[in-house]
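Undergrad: Keeping their order, the protein sequence lines are chains H and W. FYI, in the working numbering the residues of the first sequence are 2 to 470. FYI, in the working numbering the residues of the second sequence are 8 to 223.
One or more hints might be untrue.
Stated by the list, open to error - If you want the footprint, here are the derived chain W segments under chain H, 3+ residues with CB under 8 Å: (1) 122 to 135; (2) 138 to 146; (3) 150 to 161.
Stated by the list, open to error - The calculated lysine to any residue pairs, modelled on SDA-like cross-linking and capped at a C-alpha distance of 25 Å, are: (4) LYS279/H - GLU119/W; (5) LYS162/W - GLU332/H; (6) LYS152/W - SER468/H; (7) LYS328/H - ASP290/H; (8) LYS216/H - LYS240/H; (9) LYS151/W - LYS413/H; (10) LYS308/H - GLN155/W; (11) LYS152/W - ASN330/H; (12) LYS140/W - GLY228/H; (13) LYS236/H - ARG284/H; (14) LYS216/H - SER168/H; (15) LYS162/W - GLY327/H; (16) LYS162/W - ASP467/H.
No wet-lab data here; the hints were simulated from the structure. For glycine and all other residues, C-beta sits at the position ideal for the given N, C-alpha and C.
The lines below spell out each chain.
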Amino acid sequence: MKMGSLDYFFYPESIAVVGASSDPSKAGYQVLKNLTSMGYAGKVFPVNPRADELQGLKCYKDISEIPDKLDLLVITVPAKHVLPIVEQAVQRKDIRAIVCVSAGFSETKTDEGKAMEEKLVAFAQQADIRVFGPNCTGVINTAIHLDTTIEPTVEQVKGGISIFSQSGAMAGSILLFMEDQPAALGFNKWAHVGNMCDVNLLDILDYYGTDPTTKVVCIYMEGISDGRGLINTAKKVSKDKVILALKVGRNEMGAKAAFSHTGSLAGKDEVYDAAFRKSGIIRVNDLIDMVDTAKAFSMLPLPTNNKVCILTEAGGPGSMAMDEIGKQNGELRLAHISDEGKKKLKALLPDMALVCEPDGYIDMTAAAMEQQHADALEVVLNEEDVDAVILITVPPTFLPPRNISSELLARKYKTNKPILTCFLAGKWVLEARRMLELASWPTFDTAEQSVRALLRMWQRAKFLNDSEE
Amino acid sequence: MKALLEPAARLLLEQYGIPNVPGVFCTNQSELLQVAGKIGFPIVMKIVSPDIIHKSEVGGVRLNICNEKAMFRAYEEMLETVKQRVPEAKIEGVLLTSYIQKAREVIIGAVEDAQFGQVIMFGLGGIFVETYKDVSFGIAPVTKKEAQYMIESIKAYPILNGARGEMPVNFELLKQIIVNLSTLAYECKVKEVDLNPIFCFDDKVVAGDVRILLND
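With the rest of the complex left out, here is chain H (with noise of 0.2 Å):
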């Protein structure tokens, strides 16, 4: 690993806890728990002056006395106990990198919190030690099991997501809510840096955008002292990832006394949208969004352009996905159906199918069965003017969910279009739906969730499309 590296954050081959402990309402405790429990098959070294094990390990009086070779550290200790360890990491000379867990620093606004946090970049800084927070949970990466958090832990599903927040809170929501899909959405490296006294956002971004197994990244973000710097390093990540980020603050600055027009009006999220925009980085409104937005980035292709077919059992949810379609400015169109495709629909689909009214809608009626779901699924899909499918369907008690998707499955369609799943609704389709998730085939709650995220993977085919000329 090259000096100054953040591998020594996501792949430490040895790891230190000062300030572990044996009592569960401690940082120090959970840190330990979440090390030691996840399968992390590094060294863990526990460090606390008054205890000889924890949680089965041996446990050092201080970091000097343990004898193998450490990559990463982790500090868990009061505030006021924290700079004497970071001295004594600099004398080890092989510490790499640390995890200050601790708060009571910069984040208090005191003027002694602010002193203590420039001395311990100082220290770092001047050998060679790279810092995490202070105030901060640090980092899980699922290739190694590795979680030095005091976050609840989640399922480790393996996948192209990585996390970045500027909140621990919302860090470890989005897990929890990735996690609560109908089947666990896979991720790959999380972070949260808390005050950023060292390691800060441009980072980490620079880093995921190195990580050949990330694919999308998902950022929390409040808010961004260098702004150029975000442009520039999004521009160069966006490339070849996908960036979604929830940032907050939409209504922090209205209008400032002003010299000229422009400047009463330029509040302060129009120009995040902005520098969004130019950047290639996709803004989703919430964690749902985020976590609907990131899943079908992880498991689709993304459409060639912006011609969409509702295909739908039910034609309540399918007006609602119309509705949502409407209100994006006409960014999504309804594909044209082919006179030949709309004969072998009516064919296929039962009497009372309404099919194409309007052009690109079909609403194949609660009569429809599994073959036909299926069926009219491949007739669209080999239209040439569909480019993306929205297939609702609310099963009615003869229609046993799971038959629908696996009549879906067996059918393995072979395209390159997106097709986006929604099944109304509850416990009713969650086995149906969990089946299809672990066949990388998205599901989402509702139907204008699934119009939502096809919005935000063709805003990305366009920018690629964009980039390219």
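Knowing the structure of chain H, use the given hints to seat chain W on it.
TA: Leaving out everything else, chain W in the frame of chain H:
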């Protein structure tokens, strides 16, 4: 911070390929007469003073002056009113420009943002900007493609595109002005710029008024 006088600001615009309405700076009545003869009535008269930014609020703008007599009267009244309202203002003279009618008006501006540096804004002029805040933003410098997105993403875009039976305005020229102003803002690291109004026709697009505030 330093506000450029309008004649200097107009020169800077021209250096960046942004056309102004025809206009000349005058310091006395004989210059007025000469300039009016050259650019032709109707004309606009604007006060030029380093101490006055909001000209119309102090009686420093007169529109649609149609003949020599009205021009001289306007000149005297303007100097007097401005002196009354801002006694400490140093008055350099007045700027005479053509009075443009029946154009569709847009505003293009730039501000310096603490995080992102120079940010450029586009919107339809008049009540659209003030009442509806119907504007779009880009991070300077912008490309032509970004400029196009900025133009097309305001709600009032159909008006520029000829919704009321008119010809569409010249979008090529408009895009070029957005690109050029964003380059100016970025290269000169301006604090704020306002081109308001910009007059748009199907064959030309010209800036009617300009304010530029530079960083020290």
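Undergrad: Please go over all the hints and tell whether each is borne out by the structure.
TA: For each hint, the structure was consulted:
{"no.": "1", "hint": "122 to 135", "result": "holds (count 6)"}
{"no.": "2", "hint": "138 to 146", "result": "holds (count 6)"}
{"no.": "3", "hint": "150 to 161", "result": "holds (count 3)"}
{"no.": "4", "hint": "LYS279/H - GLU119/W", "result": "holds (17 Å)"}
{"no.": "5", "hint": "LYS162/W - GLU332/H", "result": "holds (15 Å)"}
{"no.": "6", "hint": "LYS152/W - SER468/H", "result": "holds (10 Å)"}
{"no.": "7", "hint": "LYS328/H - ASP290/H", "result": "holds (16 Å)"}
{"no.": "8", "hint": "LYS216/H - LYS240/H", "result": "holds (11 Å)"}
{"no.": "9", "hint": "LYS151/W - LYS413/H", "result": "violated (44 Å)"}
{"no.": "10", "hint": "LYS308/H - GLN155/W", "result": "holds (23 Å)"}
{"no.": "11", "hint": "LYS152/W - ASN330/H", "result": "holds (19 Å)"}
{"no.": "12", "hint": "LYS140/W - GLY228/H", "result": "holds (24 Å)"}
{"no.": "13", "hint": "LYS236/H - ARG284/H", "result": "holds (14 Å)"}
{"no.": "14", "hint": "LYS216/H - SER168/H", "result": "holds (22 Å)"}
{"no.": "15", "hint": "LYS162/W - GLY327/H", "result": "holds (16 Å)"}
{"no.": "16", "hint": "LYS162/W - ASP467/H", "result": "holds (23 Å)"}
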